[in-house]
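S.K.: The residues making up each chain are set out below.
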Amino acid sequence: MVTLHVNGQDFSYDGDPSVPLLWVLRDELGLTGTKFGCGIGLCGACTVHIDGAAARSCLLTAEQASGKEVVTIEGLDPSGNGNHPVQVAWRETGAPQCGYCHAGQIMNAAALLAKTPKPSQEEILAAQNGNICRCGCYQRINEAIILASAGV
Amino acid sequence: MTHMFESALIQPGTVVNLSRRFVLKGLAAAGTLVIGTSFLPAPARAASAWKTGADLMTGGTVNNPHVFIAIDPSGIVTILASRTEMGTGIRTSLPMVVADEMEADWSRVRVEQAPGDNIKYGNQDTDGSRSVRHFFWPMRQCGAAMRMMLEQAAAARWEIDVTSVRAQNHEVVNLVTSEVVGYGALAKAASALPVPPVEALRYKDPRDFRYIGTGAIQIVDLRDITMGKATYGLDAKMPGMKFAVIAHPPVVGGKVVSYDASETLKVPGVEKVVVLETPPFPLAFQQLGGVAVIARNTGSAIKGRDKLKVVWDDGPNASYDSVAYRAQMEESVTKPGLVVRDDGDAEGALKSAAKVISATYYLPHLAHASMEPPTATAHVADGKCVAYVSCQWPGDCQADVAKTLGIPREDVTIYPLLMGGAFGRKSCYDYVIEAALLSKATGQPIKVVWTREDDLQHDTYHTVSVERIDAGVDKDGKVIAWRHRTCAPSLMSTFKNDYDHQSPIELGMGVVDNPFDIPNLRCENPAAKAHVRIGWFRVVSNIPHAFAIQSMVGEIAAALGRDQRDMLLEMIGPARTLDPRTFRGVKDFWNYGDPVETWPIETGRLSRVVEIATEQIGWGRSLPKGHGLGVAGHRCFLSYIATAVEVAVDDKGNLSIPRVETAIDCGFYINPERIRALCEGGAVMGTALAKNSEMTFKNGRAQQSNFHDFLLARITEAPLKVGVHIVPADVNIPSSGVGEPPLAPFAPALCNAIFAATGKRIRNLPIGNQLAT
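Chains as they are written, first to last, in my numbering: chain S, 7 to 158; chain Y, 596 to 1368.
Hints listed in this document are in silico derivations from the structure and should not be mistaken for laboratory results. These numbers come from a predicted model, not from an experiment. One thing to keep in mind: the hints can contain errors.
As the list claims (entries may be wrong) - Listed next, the in silico DSSO-like pairs over lysine-lysine satisfying Cα-Cα at most 27 Å (straight line):
| # | chain 1 | residue 1 | chain 2 | residue 2 |
| --- | --- | --- | --- | --- |
| 1 | Y | 867 | Y | 1073 |
| 2 | Y | 904 | S | 74 |
| 3 | Y | 1073 | Y | 1247 |
| 4 | S | 124 | Y | 1293 |
| 5 | Y | 824 | S | 121 |
| 6 | Y | 904 | Y | 1293 |
| 7 | Y | 1355 | Y | 1073 |
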C-alpha cells in the first residue's frame, strides 16, 4: 500500500508501487488533468509539481512520489477556481488550440515563475523547451508566460 | 483517507459531466425541454445559400432547430455541436453561428456535444476543412428559424402582429409598448409552432452580427482546459473500466502465430490477455490485430506488454525498406507516367525551350503525432455498445462499430470527447473498433490506450513522395512548359487493394489544378504501391505538391536572375477564373468534394495573398547577413494562402525563423481569432516537417518510436513572431476552410528563404543537417 499526498489530500493505492505516478493519478485517482504524451519524459504533457518543482509524472513511480507533496493541474489554484496567474494569462492570450498539452505547459510555467518570478525571454524558452505542443501554440504560450510574470 | 480505486470510478464532476451530454434527451423525457424532439417534424434538409457537396456525404446537412437548440425555462440556451473538436475551435464556431442568428446572448448559451449519428445531425466527418463550408448556412437557418418562432410566440402572447415585435439579445421586444419577454418564458409556446420553411426565413443583416466575424468569443472549453477539467478521449471514465494496451503486428497486415503470456500474467495488476484477429487487406478502419494486455491501470498494462512474447507472421509488407523504395520512386520519375493533365504540348515545348530547369524533390512519410495518442473507451453489454471516443468521424464510427459487433446502428452510442489533436489520424477509428472488440470479448468496459510507440509505429502515415518538375523557359524568360511527375503511394490503398496510382483526390491537391499561366502543362503519375497504411495528414498531398511547385518557382527565378515574388506572380498570371474540368486530360476533378461552380479557381485571390504576405514581411528590404526571405502561395481546400518567411542561417548552418507572415483568403469567416491561431500553429507544424520529422521503415517496421527520434518543433526553434492577415469577405463569398491550409506553404517558403540566405537549395525534406558547414 502506497500513500500519496496529492493536492492536499491523502490517497492510498494498493496496486503495483512501481507503476509511474502518471497512471496512478489518472487511472486510480481519476485525476485526468495530468496528460500522457510520451511516457519517457520527452514531451512534458504529464508535468506535475513534486515538492514545488516541475517533474514528469511518467518518470516517477508511485512509490517514489510517496511522502512528497504532489500538486496537479487540478490543485494549482488551491481555491479550485483556476485563477493562478498563469491560468489567467493563458485565458487572456487564448493560448490553447486542442489544449491537451496545456496542463503540462501551465504546470511547467507555474514552477518556473515560482522560482524565477521575472524570467528573461531566454529563461522562458529554456524552461518550456521540454514541453511539446503539436498544434503549435508556442507564440501564445510565450506571451502568456510573459503576461503572467508581469502580474496580470 | 480515500480508497482511490473505488473513488476514481465515481469521481464527482467526471462521469456526471459526461452524462450532461445526454441533456437534450434527458430534459425531453422529464418534460422540461421546451424545444424538444417530441414534436419533431420530418427533418428539414438544408437548402444552403451557396451550393456545396455536402449532400454527397452520408447524412448531408440538417438545419432543424429542434435537433440543435434547446431552451429551458430559465432562459439557458443549449446548442449542439455536431462536429468534433480537435483544436480548430469548431465546437465554438458553429454554435456561435446559431446563437448569433437567433439573437441569443452568448453568456447564456451552453454548448453540448452531439453523439455520433450522421443521419440525425448531418455528416460528422470532421476533416477536410469542411465544417464551416458545409454547415454555416444550415446553422444559420437553425438560428433564424428559432428566432422567428420566438418572435411568433411573443406576438401571440401580446396579441399583436409579428411585425410589431423584434428579437434582440435573448428577449423579444414589443415595438408598440416596449415591453420585453425573455426567451425562457417564450420557449414553451415557441416550441409548439411549426418550423418556418427555409424559403420563408429572414436572416439578420450581417452588419448586426454580434459574434460572427468579431474574434471576440473565446473557445467554450478554454477555462476547463486551463484547469485540467476539459474531458478528452483519454479521460473517459466508466464504472468498472479496465485498461488495454495492445502489442500490434510490427508490420502492417501481420498476424499472431503464437504467443506466450506467462510472464505477462505475473505482472501485478495484469488481469488477462486477448488476441485480436488481423483482418485481410484492405484494412480500412478495422483493427490491426495483435495481442491485448488488460490491466487495472495503463501502467500495469504497459509493463505486461513488455513481458509478452509473440511470434508474428509479418505478411506481404515484411520487405518494405524506405531507402530502397525512395530509390525506386526516384527512378520512376525519370520515365513517363500515367498522363493526368496534358494542356498544349509540354514535350515539344521542353524540346524547343531556350532553357530547361529540372529538379526532383522528396518528402518522407510523416506521423501525425497528436499529443493525445489514439484512444477509446467502450462497453458492450446486452447487445448494445456505448463508447467514449477521441474521433473525427463519430457518425461513420457508429455505423462501423455496429457492423463489427453485428448489432443495429441505433444500438451503438458514440460520445465524442475533446481530441488532444488529430490532424487526420483520428478520422481512422481502428482503436475504437479495438475497444469494442475487447469489451465484447471480456464483458468489461475497456479503455484502449495507444502508447507513443504505438502511435508512431502503427500510424495511418502521410504518404512518401518524389516529385520531379521540368520547366521550359523561352528566350524572353517566359515559362512556356511545365512537366510535373508526381509519384507517391495513394491513401486509397488503405481502402482498396492494388490501388497503385494517386487518386483524383490527391492529384487535385495542387497537381492537376495547378493554376499557373503556362500554355504547355503536363502532369504525370507513375505507379507506386503502398506498404504501410496511408492516411490523411493535415493538408494531405498539398504538402509535397506545394513544396515541389513553389520550390521550383524559386529555382526558375534563381536561374533567370529574377525576384522570386515577381516570378511567382507572373506565373500565376492575370486574374482569371479557372475550371480544371476544362483542362485537357483531367478526369474526375475533385475540387475538395465541392462544386467548381461555387468554388472555381480564382487566380486573382491567389496573387492577392502572395502580395499581402510579402508586403507584410517587407519584401525587398535590406537584411542582415545570413538572413533571407522566401514566399510560397497555394490554393488548397478551396482557400488561398501564402506564407512569407524570414530565415536566419548562422555560420555553422543553424537556422532560426525570426519572422513569418501568412495571408489567407478563406471567403466568409466566423472566428478570425481561431484563424490566427491555426495559422500560427501551421508555421510551427511546418517548421517540424521542414526541419525535423521523418518516418523510415526497414523490414516493414517503423524505425522511429518516440520523440527522441521522431522530432517535432520545440519552443526554442519555433517561429514566435507569426503575423496573420485575413482577407475580408462578405457573406456572399462562400466560406472555404482554414484547418488544413496553413501547413501547405510553409516548407517551400522556408526553403526559398534559405536559398535567398545561403544559395543552398533544399530539395529533400527534412532539412536535418543539410545546412551544416
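S.K.: Okay, which hints does this one fail, numbers in order?
M.R.: 1, 2, 3, 4
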